[in-house]
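Residue numbers (our numbering), protein chains in the order written: chain F, 1 to 82; chain X, 1001 to 1492.
Treat the hints as calculated values from the structure; they're not laboratory data.
Interface residues of chain F toward chain X, partial, derived using beta-carbon atoms under 7 Å:
1. Gly53
2. Phe54
3. Phe56
4. Arg57
5. Phe58
6. Val61
Some chain X residues judged to face chain F by a derived CB distance under 8 Å, without partners named:
7. Val1355
8. Ala1357
9. Val1361
Being a predicted model, the structure only gives us computed values, none of them experimental. Yeah, the Cβ is synthetic: ideal placement off N, Cα and C, and Gly gets one too.
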Amino acid sequence: MDGRNALSFERQREAAPVVTISIPAKIAYNIDAMHDVVKRVAGILGCDGCHSGFDFRFRHVLDFVVNQEGEIFAGGLEQRIG
Amino acid sequence: MARPLPDLPDLGPGVIYFAGLEPIIEENQDLVRVVEIEPQTLWFSTPGSSPPYRKDEAAVDRIKELPGARLLHSVGNAVGGSASPDVDQAALVGDMAVELRSPWVSEHLSFNRVRDYDGDFATGFMLPLRQTDAGIAIAAAAIEEIARHIDVPIAVETPVNYLRPRRDEMPDGAFIAEVSEEADCGILLDLHNVWTNELNGRQPLLAFLDQIPLDRVWEVHLAGGFEHRGYWLDAHSGAVPETLLELAGQVLTRLPNLHALIYELTPSAFPTFGIDAVRQQLLRLQSLWDLRGSTSVPTPCSHVNTIATHGDPLPAVWERTLGELVIGKDPGGELASELASDPGVGILRDLVREVRASTIVSTLRLVSRLLLLALGQETFEDLLARFECEIPPELFASEEAARFAGYLRSADLEVAYLPELLAFEEAVLATLMDGRPRSADFSFEPISVLRALSEGRRPGPPSPGRFRIEVTGEDVVPNPQEYPSWSNYWPH
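My request is simple: use the sequences and hints to build the entire structure.
Structure (structure tokens):
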């Protein structure tokens, strides 16, 4: 961003009113799974019960997130479970 | 002299509870006669207050509504190590045992916290104790200390151990036997743990059983696992292996005081494993339950310790050295060199890394996705690895998230949207814990960014503007249509 654009952007920010959006935390935290939100919050912030097993959540994220070319990362989760 | 064994009720077969499992529990009441609760998963960490933990009352209330009995299985306060037991945790577990009418409480016979020269640190995983006479004395004293805060009997779980067996330690079964008799407590026989130990080169399951006092076994755990770098992992990842089910059928007939049989599944495996598969496992457990205590087998007495195990390293040194190695530090010295040559330490490091990475992506969800998409998987994993080497694990997910947020700020990464997104997610986490409203300001239109990340896409260029999201602590119902104030704004 060059100096002029930066200035323009700043003016726009200064001039624009603040748009306020209200989101309950239980939904904001779980934006990708708005259904069933209450159930899913439980157990996420506490002490994890998997400290003696294997935690697949990182592998789930790798499976879920797509790269810039739109390809899905392969985490191989299916091979481990079952 | 040991007191008579407590008179405990027969609870039956059941399953470890996690949020989302309610339909299975409610629809299979004939198969799920007891629900095992991991109390610390339902707590918030409240540092600076006394006690420094608080129950999620709403979650506890939902558990009270479930059919069947409840049993508490503590997961945050491993017992047996040299660091003094966390009596605040023990007291809250004791309160919940009364509230949920748990006839007994189980603890892991392991350590997950280390007393270091600079203070305590968490290890991020349950680690094996030093199996010597000194280790027995420390473990028994720790169990007795915990028991003073819990008004129901205590059982200790037989641990998984990925390390090679050592010549200067007693066999696994003998150690369990000595500790349980010294502390006069029950045994939670985790058959998958012991079987995993056998597969990975430790004591065979049947030899283990020959050493432990079978009349002290009140509860059995069964689970599934998978192979990882030549090791079988106690992963709780799915079906109980057929071989283990057959062994369990033989073992349960030998347990005269078995009161509960629990199937363990990690919540993160559930979406892939599925409801039907869980029900199939519960059916298998029901069949096993009917076999319990059907043969009269005298309690073996071969657990007498015949090995001189007074020598170095002392338990505190063992715990500090192993703990530091597992979290990626090099404590130096002969023991550290010896342990570092054990491939099992590498397995433990892998497991700790998975737990920590999973905790971060599950708490700072959108920030993690942004970093993954903006930096790429390799760079993101490098970032996590550096964090994990520099900052020791935290027991509670909320604190691990706070540590990572601080680390990201100090790393000063040039990633679009990151500072404001980080502040937003921290506000959400804080409001989830205390219910108080907070706000987060944005210099761009935030909803399209949040939506892209929640769908796993990299957000497009920013649309400048002044926006504020007010995060409220109000409760919600799971229907977004009832939130027109923001759902109408959501770009479709």
